Structures are given as structure tokens and as C-alpha cells.
Amino acid sequence: MASIFTVECPSCGQSFPCHTELWQAGYDLLCPFCQATFPQERSPRIVSATGDVVRNDTGAAEGM
Amino acid sequence: MDSLTLDLREFIKAVEAGQPDALVHVDKPVDPAAFEVTAVLQQLEDAGRFPMAIFHQPLNLRGEVSRFPLITNVFADRARCAQALGLPVTEAKFPLSIEYGRREQDRIAPTVVTPGESPVKDVVKVGDQVDLREFPIVRHHHMDPAPYIDMTPIMRDPDSGAYNAAYLRTMYKGPRKLGLHMSPRHSWQITRKHEDRGLPTPVVIVVSHHPAFFLGTLNVAPFGDDDYEVIGSVAGRSLRLVPSETWGEDFMVPADAEIVIEGVIPPGVREVEGPFGEFPGTYGPQRLRWVVDVTAVTHRRDAIYQDVFVGHPDDWIQGGLPKEARIYNRIKGVVPSVQAVHLPVSGVCRLHCNIAIDKKVDGESKQAAMIALGEVDMIKHVFVVDADVDPFDDRQVLWAIATRVQADQAIDMIKNAKGNTLDPSQTDPIMTTKMIVDATKPVRRPFSERILVPDDAKARVPMADYVRESAPAAAGE
Numbered sequence: 001m002a003s004i005f006t007v008e009c010p011s012c013g014q015s016f017p018c019h020t021e022l023w024q025a026g027y028d029l030l031c032p033f034c035q036a037t038f039p040q041e042r043s044p045r046i047v048s049a050t051g052d053v054v055r056n057d058t059g060a061a062e063g064m
Numbered sequence: 001m002d003s004l005t006l007d008l009r010e011f012i013k014a015v016e017a018g019q020p021d022a023l024v025h026v027d028k029p030v031d032p033a034a035f036e037v038t039a040v041l042q043q044l045e046d047a048g049r050f051p052m053a054i055f056h057q058p059l060n061l062r063g064e065v066s067r068f069p070l071i072t073n074v075f076a077d078r079a080r081c082a083q084a085l086g087l088p089v090t091e092a093k094f095p096l097s098i099e100y101g102r103r104e105q106d107r108i109a110p111t112v113v114t115p116g117e118s119p120v121k122d123v124v125k126v127g128d129q130v131d132l133r134e135f136p137i138v139r140h141h142h143m144d145p146a147p148y149i150d151m152t153p154i155m156r157d158p159d160s161g162a163y164n165a166a167y168l169r170t171m172y173k174g175p176r177k178l179g180l181h182m183s184p185r186h187s188w189q190i191t192r193k194h195e196d197r198g199l200p201t202p203v204v205i206v207v208s209h210h211p212a213f214f215l216g217t218l219n220v221a222p223f224g225d226d227d228y229e230v231i232g233s234v235a236g237r238s239l240r241l242v243p244s245e246t247w248g249e250d251f252m253v254p255a256d257a258e259i260v261i262e263g264v265i266p267p268g269v270r271e272v273e274g275p276f277g278e279f280p281g282t283y284g285p286q287r288l289r290w291v292v293d294v295t296a297v298t299h300r301r302d303a304i305y306q307d308v309f310v311g312h313p314d315d316w317i318q319g320g321l322p323k324e325a326r327i328y329n330r331i332k333g334v335v336p337s338v339q340a341v342h343l344p345v346s347g348v349c350r351l352h353c354n355i356a357i358d359k360k361v362d363g364e365s366k367q368a369a370m371i372a373l374g375e376v377d378m379i380k381h382v383f384v385v386d387a388d389v390d391p392f393d394d395r396q397v398l399w400a401i402a403t404r405v406q407a408d409q410a411i412d413m414i415k416n417a418k419g420n421t422l423d424p425s426q427t428d429p430i431m432t433t434k435m436i437v438d439a440t441k442p443v444r445r446p447f448s449e450r451i452l453v454p455d456d457a458k459a460r461v462p463m464a465d466y467v468r469e470s471a472p473a474a475a476g477e
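So the sequence lines, in the order shown, correspond to chains B and A.
full-length UniProt numbering numbers the first residue of the first sequence as 1 and each following residue consecutively.
full-length UniProt numbering numbers the first residue of the second sequence as 1 and each following residue consecutively.
Note that these hints are calculated values from the structure, not bench results.
Everything numeric in this text was worked out from a predicted model, so none of it was measured.
Glycine included, each C-beta is placed from N, C-alpha and C at the ideal position.
One should not assume that every hint holds.
As the list claims (entries may be wrong) - Quick list of the computed label-pair ranges, beta carbon to beta carbon:
no. : chain 1 : residue 1 : chain 2 : residue 2 : range
1   : A       : Ser160    : B       : Ala49     : 36 to 42 Å
2   : A       : Arg301    : B       : Pro39     : 43 to 49 Å
3   : B       : Ala36     : A       : Val126    : 30 to 36 Å
4   : B       : Asp28     : A       : Ser183    : 46 to 52 Å
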């Protein structure tokens, strides 16, 4: 199961896994913890399938 | 099974009469959507107990005590699976697998009955009358985004007309809407055929039924075989069917089910679904999946709602045992000395396979392992042991690995084989590395024999006659 990235919910701050088919696919993601829906771009922290960390507050990739 | 029809409550009575320890009751109200059903099951499991559990006052999704009691953990013990198929519990190990495999080869045509003869038609709700919130739908694990019905949707192939049943998870999305997850197997094929023609796919979710029905749905018959016929054969009697509310005789539903949900999968519609705690005991990710628009619900007047504790023995055992006979029969044709095959709970009854053979020539063990890997794509690691090792006993299998394996000689790896997308260890979405561990003794050279206490000595001093238990110390001593 290599095809996942994890997304931090902008509402509750918890992270959950998404399949890479959802990566920048234009669908709102659903937080399983607080039920908030949000576009990927609003997530404060995303860890890509290759382990790169993306912080959307700065738009910078930390890299790993 | 005493009656001619499949009736869940007959099974419950039989378990309560024959194995009272195998059934527990929860009388206090619990909220399944707030993880309280799985919280009870997890505590039982942590205590090493795997009983079937009936919750008599589960809350529904409106927060009221549901009219439907909830039964779960039905399959968490092979003895209950044996009982479900009418076998004595003493045959719950490999004889159960062999009997399943024998029945799976046959077919018993279903019997069509009228709605008046069908308990599942006691209560009929269509269109706006349907409200899934009346059910005590279970939210299983902390990252599940919603309650899930995790039982068996049935679909019908538009070309052959054959029915296909499979365990698929469905996520509660609204009073008449569910999300549906499918892997690219038979149900996915049927849905794809409808979508290619721009048509909605009819689907019927059998929420609760006699466990023989659900064990029957786990058959590994080829695509195109009618699952209603296979289920009848596995259950040992003709499955009674009745026309659905939505499609009439064009889609038949099990007449003796407890609860049935009818709906359609609209073509081309995808929504986010998941994550979901899946069979490996890890979460499958959120994905774009199909939806089901619910058209009707029918149920018995005093229907019982059913659930599977997915990612736990309730899920694993029922998924594993139908595969054991299939693998055994295939190996038997090439390696006649095969004794038994087991997919152990420790390998989630999918990823590990133990094979016992009475090896006559070197090489047979590897031959048997390769057949197992070829037969069931979910299997990742195969452990082949000698006939003096019980493949149902993990401790014995690990002993054989500890004492009969030199890694550089006994372990083989096969890269880039088809695996399972839900195996969290895979570094590729599709492919995995398989492993064969040959823990058998060599045939062509002497090998240290296993220690043994003579049977005749044990017979001379039977434990019951010779062993006195130590008396508990008196209070204050």
C-alpha cells in the first residue's frame, strides 16, 4: 500500500490517510475525526507518498 | 441445522444450547456509532474470549434504542462456523475446510417463493419511507469516518444473469445513501459492465441472515457461476428467493434474510469514502468510491441486525477457511502427501499459509508452496512443515522454523508478484514479494529426531488417575 499520503485536518489538527488518486484531484477531503470537509490546499500539513512534507502555510516543501 | 429454511434465530438457539459459553448478551443500551459495540468486543478479545455477542438495546443512528437487536462476532470461532454448516464442533479444524470445499463444488438451485411465504417481506419500506437511521449501524475503529454496514451486497451480471455476492463495506452517508468500496473483483466487474452501458447497477445488501448464507458468499467459484446456487450448496439446502421490491423477478432476494437493503449504483458517480479499518488490522485510505442510492428496505417483523468485527477473528476466520480446501485440493493433485493446509489467525487468515506434508522426496515442499501462492493471490508467506507438526498450531510451526530451517537454504523469495492493495507493507500499489519457508526435514540425509515420550507409557499412567491437584491453602495460613 504505497499509494497513500496523509493529510492534516485544518479544523481539528488530526491526520488521516488518503489514496493518491485523491492527490490534487479537485475533491474535498473528509476528516474522519471531526467530519470537516476541505480541499487539499487548505491542509496545514501533508506528507506525500514519497515522504515529502508540504506545509501549506508557507507553501514550502520540507523534503525528506 | 434443523429446519428446511435458513433462520438466524435457529442458529442462535443451537449455539446457546450446545455451547453456552460461545454466546454473551449485552442488555444495557450501547451506542454502536460511538464505538461502544466494538469497545465491548475488543475487551472480550483482550481477555482471550471470542464469543458471539447479542446487544439487546443498541442505539440507532437517531440516538434512540433501536427496534433491532444487534448480533456480531458470529464467525470469531471455527467451532461456530462448523455449527453453522451443520458439522460437529469437533470437526472445526481441517475437516471443516474439506467439507466446505466439497460442498462448494456442487450447486443447489434456489427455490422461488411468494412474498407471503417470505419472512423478509414482513415489513416493506420503499422510497421516502426508507430511513437507514433506524438501524444500529456500527462505527468500528477510531479513524472510520462514519458507521459502516459491512455485510454482503449482491449484484447480477447483466450478460449471464448470474448473481454475485461478496463482503463489501458500505459507509453511511444519509438516510437513503451509502458509499460503497469495491476492489477489482467480481462485483467491480459487474458494476463496470453497467457503467460502460451508461446504466445504474442494481444492488441488494443482505444485512443479516443465517451464518451459512454468509459463509456461502465466501466461495471462490469462478466469475459467472451463480452464487445463489453455490450458497445453497454450502448451506446444504436450496436457498429460498423472492422478487425484490425494486426490480421484481428481475432481481431476486433471499426470502429468509433478516434485513435486506435494495438500491442502485448510479453510473459515473464517485465520492470520497473511508478511511476504514480493514482486514489486515490497519486502515485503508480515503478513496474515490461508488455510492448507493437506496430504493427499498425489507425486513422481518422482529429482525436482528448483523455486523462483522472487521480486522479481527470474526472477519479473518470466515475469510480463511473457504480457501484452505481449495489450496489443499490443488496441492493434492501434484503432492499427494499433503496432510493439511491452514491460513492462521496470526496471518489474518489471508497473508500466511501453513502447509503440512508427509514429504517423500525433497522438493515436494517447495512445489506445494508454489501451488498455494499461485492459487490465492492474497497469500504472501508460505510455511511448509512436516506431518509431525500441526499447521493449526502456530507454536508448533514456529518450533519447526526454529529447528529445521537454515535461512540460506530454506527460504526463497519471489519478487514482483501480485499482492493485496491493503497490505500496508507493500512498497508498490499492486506488487509484493512472496516468501517460501521450507521448514521440513531433508529426506536424503539423517536429521535429528524429535524428542518423544512413549505413548505406551502415557497409556500406563493416565493423568486423571495419577495426578492430584494441589489443594488451595486455607485462609490465614
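Provide an ascending list of the numbers of those earlier hints which the structure does not satisfy. Hint check: 4 fails alone, others pass.
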